[in-house]
Amino acid sequence: MDTNTSFTTKHGYPGLLVVIEGTDGAGKSTQIRKLKSWIENTHCYGVIISGWKTSELFANAINEAKDHNLLNATTFSLLYASDFTDRLENRIIPALKAGFVVLLDRYTYTAFARDVVRGLEPEWVQTLYNFAPEPDVVFYLDMPVDALLKRIIAKTGLDYFESGRDIGLSTDFYESFKMYQSKILSEYEIMKQKYNFITIDGTMSIDAVQAKIRGHLSDMFFNKKTPE
Amino acid sequence: MRFSKNHGLPGTLICVEGIDGSGKSTQLAILRDWLISCEQDVIFTEWNSSALISQTTKKAKKKNLLSPRTFSLLHAVDFADRLEQVIVPALKAGFIVLADRYVYTAFARDVSRGVDPQWVRSMYGFAIKPDLAVYFKVPVEVSLERICSNRQPSFYEAGMDLKLNTDPYVSYKIFQSRVIKEYDKMQEEYHLSTIEATDSIHDQQVEFRAIVKEILATKGINIDGY
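Protein chains in written order, with the numbering used here: chain H, 1 to 228; chain V, 1001 to 1226.
Extracted from the complex, chain H is given alone in its bound form (with noise of 0.2 Å):
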């Protein structure tokens, strides 16, 4: 019987910082959801979810201003800071010592790729969110951007931000969409070795994609640490 419980972690508290990325339409969300309860039923671990502009405090003041169309690129950025510090401060780091593994739909990447690609200085956007610990795994749900497009028209319909219709691209939605997009792709590929991602195939099917994340994850419960 295995007695250690706790990690070996890149932040050093004993929790699991797991962290999805990938752009709007991806699967993050759902493939979250099924992580979770696999977690707690075949590992026994507690596990929180926190997603992307979830804070009870900022969440609706994201909103109105996003409703108004009120947001100028900086103001967008340190909004989006606040609520991700709120709920670090009140929810993240709070678990990660309690021992959670902690599941986060959307980390400082998505961040910084929003930000960079409204025309914000990196090294600013970069020294914005240096207090955030170090993820202990990122896995990046990678899709193509005819795949997103099919994807988003068919669930949601094209969003004005998401579109990045605030930045004035393309009056027409879809081209707008297209180029946002595909701005933020390639952000995400900078990172993508920068960061060591574990980059997944995000247009295999829902289960074939949790299965690759549960093969990653499998070997961490097992091993207690992260991989290098």
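Hints are computed from structural coordinates only; laboratory data are not their basis.
Among the clues, some could well be false.
Straight line, CA to CA, 30 Å or less: simulated DSSO-like cross-link-like pairs of lysine-lysine [to be verified]: (1) H/K150 / H/K192; (2) H/K66 / V/K1185; (3) H/K66 / V/K1063; (4) H/K53 / V/K1058; (5) H/K36 / H/K192; (6) V/K1061 / V/K1185.
These numbers were taken from a predicted model, which means no experiment stands behind them.
Add chain V to chain H, keeping to what the hints say.
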């Protein structure tokens, strides 16, 4: 980043700094009336006043929900919003922009709350460098006397979130003394002009106007008389 260089816009950005009760708002109000009477185009903007985030700040403060870092970020959101919507357009249009508190307030308060000085300075790197920043310097006892003659200091004014002391008056003194120390350091770092805020309102105003006239003259605005 913008904050490290001169803005090169036609307008003039003047800000006042100092702890609560330093009298800076009074001084700025008198200056504003004077500039308007001299037929200048003036716009006034105040710390923590953008409609975008004020409800959130109010709610968070009421529930004492803010950590030093979220406190810092909230004020940066407010500032970024006012900067892009009010300050920059007004400077482009050639206004004299009067700001009651500017980024130095954040540097002083946030660092006094334990936030990393480099981090907060970097965050405000997008700010426009003011043409003139005047620091109204006042001892903490005088500030306390002015602020608390008819009420207790508020929770965040007193830095009660830092749990320095359970007595708000004692906490106010400890916290605001830290803020003063940060301002004092910045006098040199950012070349703040200092006015002794214990002098009479009239004397301070005379001094304030003299500095302002000098700055406006460099912008080609010459004001006669007082």
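Okay, the hints, checked on the actual structure:
A C-alpha spacing of about 24 Å is found between H/K150 and H/K192, which places the hinted pair at or below 30 Å, so the restraint holds. The hinted pair formed by H/K66 and V/K1185 fails the criterion: a straight-line CA distance of about 39 Å is larger than 30 Å. A threshold of 30 Å between alpha carbons decides the hint, and for H/K66 with V/K1063 the separation of about 25 Å falls inside it, so the pair holds. Distance hint between H/K53 and V/K1058 is fulfilled; the C-alpha atoms sit about 20 Å from each other, no more than 30 Å.
A distance of roughly 24 Å separates the Cα atoms of H/K36 and H/K192; the hinted pair therefore holds under the 30 Å criterion. Restraint check: the Cα-Cα separation between V/K1061 and V/K1185 comes to about 28 Å, which is no more than 30 Å; the hinted pair holds.
The structure shown violates just one earlier hint, number 2.
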